[in-house]
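Protein chains in written order, with the numbering used here: chain A, 1 to 515; chain B, 1 to 515.
The set of hints was computed from the structure by calculation and includes no laboratory data. The structure presented is a predicted model; accordingly, all values stated were derived computationally and were not measured. Errors might be hidden in some of the hints.
Straight-line Cα separation of at most 27 Å, DSSO-like style, residue types lysine-lysine; simulated pairs [to be verified]:
hint: 1; chain 1: A; residue 1: K331; chain 2: B; residue 2: K162
hint: 2; chain 1: B; residue 1: K167; chain 2: B; residue 2: K72
hint: 3; chain 1: A; residue 1: K167; chain 2: B; residue 2: K72
Protein chains: 2
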Amino acid sequence: MITVVNMSQGPGKAKRGIPSKIENFNEWYPFIVEASDLVDKRYPIKGMDVWRPYGWKTMRLIDSLTHDEMEKTNHEEVNFPLLIPENLLDKENALVARLKRAREEGIDPDELRDEEEEGGFKKEVYWVKHAGENELDIPMFLRPTSETAMYTMFPLWIRSHKDLPLKIYQMVNTFRYETKQTRSFIRVREIHFFEAHTAHIDEEDASRQIAEDLEIVDRLMHKLCLPIIKAKRPVWDTFPGAWYTIGIDAVMPNGRTLQVASCHHYRDQWAKAFDITYENLEAKQQYCHQTTYGMSERLLGAVVGMHGDDNGLIMPPAIAPFQVVICPMIKKNSEVDTVGAAEELAETLRNGGLRVKVDSRDIRAGQKYYDWEIKGVPLRLDLGPRDIAQGTVFAARRTGGKEPLPMEGIVENCRNVLSEISDELRNRSSMHMQDVIQQLPEFVQNEGKWEMKGEIVDGKIYQMAFDGSDAHAEVIERLTGLTFLGDATEEFDTEINCHMSGKPTKRKVILAKTY
Amino acid sequence: MITVVNMSQGPGKAKRGIPSKIENFNEWYPFIVEASDLVDKRYPIKGMDVWRPYGWKTMRLIDSLTHDEMEKTNHEEVNFPLLIPENLLDKENALVARLKRAREEGIDPDELRDEEEEGGFKKEVYWVKHAGENELDIPMFLRPTSETAMYTMFPLWIRSHKDLPLKIYQMVNTFRYETKQTRSFIRVREIHFFEAHTAHIDEEDASRQIAEDLEIVDRLMHKLCLPIIKAKRPVWDTFPGAWYTIGIDAVMPNGRTLQVASCHHYRDQWAKAFDITYENLEAKQQYCHQTTYGMSERLLGAVVGMHGDDNGLIMPPAIAPFQVVICPMIKKNSEVDTVGAAEELAETLRNGGLRVKVDSRDIRAGQKYYDWEIKGVPLRLDLGPRDIAQGTVFAARRTGGKEPLPMEGIVENCRNVLSEISDELRNRSSMHMQDVIQQLPEFVQNEGKWEMKGEIVDGKIYQMAFDGSDAHAEVIERLTGLTFLGDATEEFDTEINCHMSGKPTKRKVILAKTY
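Construct all of the structure, not just a fragment, from the sequences and the given hints.
Structure below.
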């Protein structure tokens, strides 16, 4: 049985044209991103949506949480050009060549599989080869990510150990020529992107940076009310030129994982390719060790997918463009000025630091509720003459539940309710995560051929104790149809025998269907 | 004589490698934008600089003033895709064709000169015709501005008069394939850009929008301490498809004007091309009237150029990344913890809403002063044991002048000094503007040929009473080597005879050398 979370209605009860999230997530998701005014997909390029005000505001609030974290951790914001001349890729290609040589000197060739295939992004970038009526001498491409652009400048900025660590970031749009099916926020061709790039004196200091990045991820995900899986990607899924990659995956309601962030430890591989050195205390030139940390608008995709229900979005209060909507009851010939009272209440809440909207449209209350439910405003306050007389306001939580709130101490009262709504969202999504993660069935060899002793259930994520070879991993992926997310950052408490190699291990690997 | 403003040193006394601003502005400007760490021009594409943290922070502070103004005036932020399919230009081309027809029906052909030449930006855009290894069916270009992209969506968003006015804006990067010499912030190929687009029920409401835009410009320029010229551009310099264009020009120290913003009233010309209609109260379809308002990183270029001196930048307090830098005096074996006191003071000022940096590097005070002067931090506070004992801090204004400030009420004291520094910058730049604007010499006809009775002085801007024809204007531009900025928004108080036509007029036109 698939456990349903975040559903205020039973299955099948699609409301006012909204597809049922539980029965048909693949229709619900694209419907809701447009119906809630996050984006408009009718722009005439597939995979390039128009961000509408509500969607852009939400994304900018997510960005501002990231800005805050960057400031706290002494990262500085830069902004690099969009275009990268093709000849800068020479250095990146040299990096790949170096890694090839390393293989010839005895490293497992599997480790280089992706590097060779990637060919420096050439197959998935948009090219600018013409300007005005001219053909350019050197073709340029739209950045798919900024290693090449940034590391061209790093040698000019880093001279001595005093310049380290260098910690910079930018929020820019990146471009990928996606050939797979596009989905708003999840798989798009113009990506709203965050990338932090750091340079350090040694491997250890770079490792500390990765640890800091993972702490930032935790704090951000707490605010987005999203549980995540952090997994050290298998070698074949490691970013080209990286020593290792940690992928951060959110879980969608259909059990598919969505990589929302990643951290890469480059050691000195890129530094060697781009000649990024510093003079150490002994006046010797040393290569820097580098890391990157990336996130994207997929964070919003995960929020939409995980928290929404059949009535629309549910916005975590930390990123809700409107945390509170006030709906004054509008009655003709009433002596009580509910609209005035609503405006006054809004002012009080705004002074208390809350983001508030007053909806004083003269339409049916039901229509108002529908509009704000689909947009996922976490807290609605209804204000009628009787509420005013009683010194209360009627609070409806988007996560369910209604109650009168005393007007006395209303800022604090609203803060508390919003905090409870955040907790409720965290509970629901954690329960979903717990429910979704299962033990992988065992494998047995039958006449030399591997077989799986059980079935893979749609919508589940699997974990297993694993200490086998890459060949074993390939067998598992083939038999299960799942993808190795990699090694969970938290191991098993006790040793368990690996199904494939028979070796006892605490190593916990995670497998899933991925976006 | 050219009056020198913003100079704390006499001409010729270039300091530590900084070129003299007054003697050689064309060397001073590119030197200072890099020396102050605003940008790095060594990125391997000409006209595409890397924004360094200090420059980007400044630009983002300018942006945030704009965001505030947009919020106050009920504009909503959107974000459109960068790429525009070539076939969307068909409508823009149709607009040009329509204007051609208008000419055939009797409108002065000069009015259409630019429209024909522009050819929908085709000659100045970057083209994307390839992606991965494929050639695209429909070529796309990087937006030079977003009319075409946005007005493709407007008909989907505007149904009835209730949807109007539609007021949206975005801050994005735009691209122009510049063939002229590039200059940081002033003439670049990737432009940090602001654009507001509005749609209205009629011409009158659109005109009110232009008036609002000009008020926003005034408030922003006050904060940037920049005097400006607002001029209704002559017809031949009007944006294609616009009814009229108002250019907002700042004046650089060399007397050249720099267009930092512009507003366009489109009437219903674009609406007719893109079929942007609404249903009015009588259930009739009507064309919208539209406006745009654009600004760019040129605002920062004007700030750099106008306020700086031979010691570096001078940042207007409203956009200074650090409004105050505190330099504790560091003496070995001193019993007084000046660094601790500086940190404490910084905390007090930050809590008061000021942006503060503490420079506790153990280097010569002179080096510190130099570093913060070149970056243009408006207020430096030196803190030594004697200051601490006296309950004061020693304040050095970047605009000149030193004084002890009482620690009691230090937030208010700093605010007052910063406010005086802003006033001083406004004074200096207004004086420069007043000094630079001259009356244009008269013109006389000699044997049927026009001659100028006087000389054009380099570094000056000219005004004249003008009520002549476009042919007269052409004669003036040819004889003076100046460009018509257009009609000043403020006319002459009394009627003056136009030199060319002899007609009395209050119309005041401005002419200048432009960037």
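To see whether the hints hold, each was checked on the structure:
no. : hint            : result
1   : A:K331 - B:K162 : 22 Å, holds
2   : B:K167 - B:K72  : 12 Å, holds
3   : A:K167 - B:K72  : 35 Å, violated
Hint violations for this structure: number 3 only, all remaining hints satisfied.
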